[in-house]
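Here the protein sequences line up with chains A and B, keeping their order.
Anchor point for the first sequence: position 176 equals 176 in the working numbering, and the numbering is continuous, going up by one each time.
Anchor point for the second sequence: position 165 equals 165 in the working numbering, and the numbering is continuous, going up by one each time.
I should point out that these hints are in silico values taken from the structure, not numbers from a laboratory.
Fair warning: there could be bad hints in the mix.
Unchecked claim - Stretch-level coverage of chain A by chain B, calculated; a stretch enters the list once three of its residues show a Cβ under 8 Å from a Cβ in chain B:
1) 45-54
2) 260-269
3) 314-325
Ideal Cβ positions, reconstructed from N, Cα and C, are used throughout, including at glycine.
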Amino acid sequence: MRFHFKTHYDQDIRLFPDWWNFSLYAALLVVLIVLPMVIDSFYLGEVTNVLIWAVAGLGLMLLTGQTGQVSLGHSAFMALGCYTCVNLMETGMPFLLAFVLAGIITGVIGAVIAIPALKLHGVYLTIATLALAILADDIIVILDHWTGGVNGYFAPEIWIFGIEVNRWINPAAWYYLALGTALVVTLLYRNLLRSPLGRAFAAVRDSEISAQAMGVDVARTKTIAFGLSCAFAGLGGALMGLFAGAFNNETFNFLIAIQLLMMIIIGGLGFIHGAFLGAIVIAFLPQLLSISTDFLGSSSIPGLETGVFGMILIAFILFEPMGLYGRWLKIRTWLELFPFARRDMFRRQKTYLKTERLR
Amino acid sequence: MEFLQLLLSGLANGCVYGLVALGFVLIYKATEAVNFAQGDFMMLGAFVMVGLVNPQFLGLNFWLAVPLALLVMGVFGYLLDLAVLRFMFGQSQIAVVILTISLGFVIRFVAGLIWGHEPLNLHSPLAFGDLRLGDVVISFADISVIVVTVLMTLFLWQFFQRTKLGLAMQAASQNQMAAYYMGIPVKRVQGAVWALAGVVACVAGILYASKGTLDISAGFIGIKAFAAAVIGGFGSLPGALMGGLIVGVIEPFASRYLPAGYSQIAPYALLIIVLVFRPNGLFSQVRIKKV
């Protein structure tokens with residue numbers, strides 16, 4: 001058990017609370033950097049996929065986990081990021097610039113869309129964003145001059161400083177691209193949470209009325225949260241499309257947005273670790289299922305993946321609403337406090353429901 | 001005449017959307033939760049009916065099967081509440097949203113296992129014959145959809161306004177704790193609402209299956225029904241029916257008069273426009289919170 005004896009206010013907002021914590025993450029980083037030399041290219045591709053999902057997941061986490069606004073429309077912003085990035089690259093712009101610009105443009109458009117959406121509360125926002133995700137599919141078909149419509153697009157070649165990043169020729173380069181993006185986004189996210197803006201996000205999530213009473217501009221905070229969230233999702237979408245190699249209007253349909261939301265719930269809402277843990281589940285579940293159906297000797301069952309996914313999610317919401325990371329926190333606390341941990345330490349407070357209609 | 005024909009087919013489709021939207025509003029009115037699986041409930045209800053009626057399954061008489069199917073879906077709704085949703089008591093609305101989305105996934109998976117993925121036709125006496133009025137042709141299926149929907153809406157509306165159980169449901173949603181103090185068995189009332197939603201979904205499913213072929217992705221019309229419920233204002237039963245009719249009528253006209261590609265957009269574009277200008281729907285009940 002470690003005690004943090006605080007002698008300075010800065011200790012509350014340090015990136016790493018102590019040296020032990022810092023060395024843990026440093027060790028993780030070293031493992032991630034040497035990973036391409038250890039595992040074969042198939043699994044490297046899977047890990048790249050995990051990192052890409054995690055980038056998009058961090059985007060939604062910022063909105064849902066930190067600011068408390070649920071969006072089922074992030075597939076639309078992933079598509080926007082992807083098509084923006086590819087179209088900028090077609091004009092001859094270098095990849096890295098196009099990639100960053102795609103994120104920024106998606107973020108700005110997301111913030112503009114958020115302005116009318118801000119008037120909506122709770123479930124209405126969820127439904128409006130779901131409509132947006134469904135509309136995105138049709139809009140991509142209509143704008144086929146830029147998007148290739150139903151026929152789709154083949155991802156252009158990516159060159160970074162004279163190195164070709166190709167999934168098949170050098171998967172390690174792709175891996176480092178995804179890892180770098182995930183690292184930058186995570187650092188941004190972490191620093192954001194330490195800033196006044198991050199505190200405002202949490203205030204809006206916990207109670208809009210008390211946030212307002214504390215002097216937080218709720219509308220502005222929500223707009224910024226939506227914009228940043230869309231920017232991250234756009235980066236994730238750009239990576240996802242380019243990694244897939246070819247994409248069309250169905251690549252980013254609304255089921256992706258639902259999957260993204262479920263991913264961050266399974267991982268643990270409101271935790272950075274949650275986005276990564278959820279991404280691991282999302283990326284490896286199909287593999288695990290196909291291996292287990294092969295093992296049982298049965299032929300493939302259509303719809304098995306979504307069915308099992310739904311059951312896992314129901315189990316999580318009923319028994320572990322804090323997700324995988326929440327479970328780990330409980331285990332860690334139990335180990336640290338052994339034998340003094342008590343079950344009630346994590347008991348949820350009971351709330352009684354009141355209508356939203358007669359506010 | 002073409003106008004009238006489009007209007008009638010739109011109204012009939014709109015009634016199905018309206019019925020599914022009624023299911024949303026029922027549950028929302030009584031438990032303040034949004035059941036994203038309502039479309040899949042409808043699909044399940046239709047498949048239960050197919051399982052009872054079609055000769056390759058049980059082959060029962062249609063009119064005997066209707067009450068049986070309604071009963072099955074009612075019990076299903078009640079048990080679902082008992083087994084799953086009651087544990088969500090006192091948790092956030094969003095958790096319920098995600099729970100019902102995943103319930104929809106599971107229902108679709110199980111229905112696919114039982115009834116297969118091939119499209120099926122319900123052997124329904126409503127599916128044959130039509131009525132001619134001059135140049136306008138209405139099928140009996142469409143007429144029965146419109147009649148049943150109107151009756152259903154009136155019945156449910158009066159149920160919420162007048163009966164003791166309906167009032168108890170409204171009270172339970174407006175303030176759970178106060179409802180407890182007034183002696184309302186809140187949990188049992190919520191179970192009753194889910195059972196009722198199952199029955200309404202089953203009616204919608206039978207009518208939907210009478211109008212055309214049925215497969216397990218039929219539940220996706222739940223999304224259009226959503227648009228309908230929101231356009232009508234989520235807490236209002238007649239509003240839900242109005243919303244359903246608006247969405248249903250817009251669709252055939254959009255596909256007739258708008259260029260291809262734009263027509264599917266119409267209901268969702270309307271939804272977004274309504275949400276921007278009237279954030280709580282056309283028949284809204286929301287008032288501003290005072291601290």
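Now the hints, each set against the structure:
{"no.": "1", "hint": "45-54", "result": "violated (count 0)"}
{"no.": "2", "hint": "260-269", "result": "holds (count 3)"}
{"no.": "3", "hint": "314-325", "result": "holds (count 4)"}
Hint 1 from the earlier list is the only one contradicted by this structure; the remaining hints agree with it.
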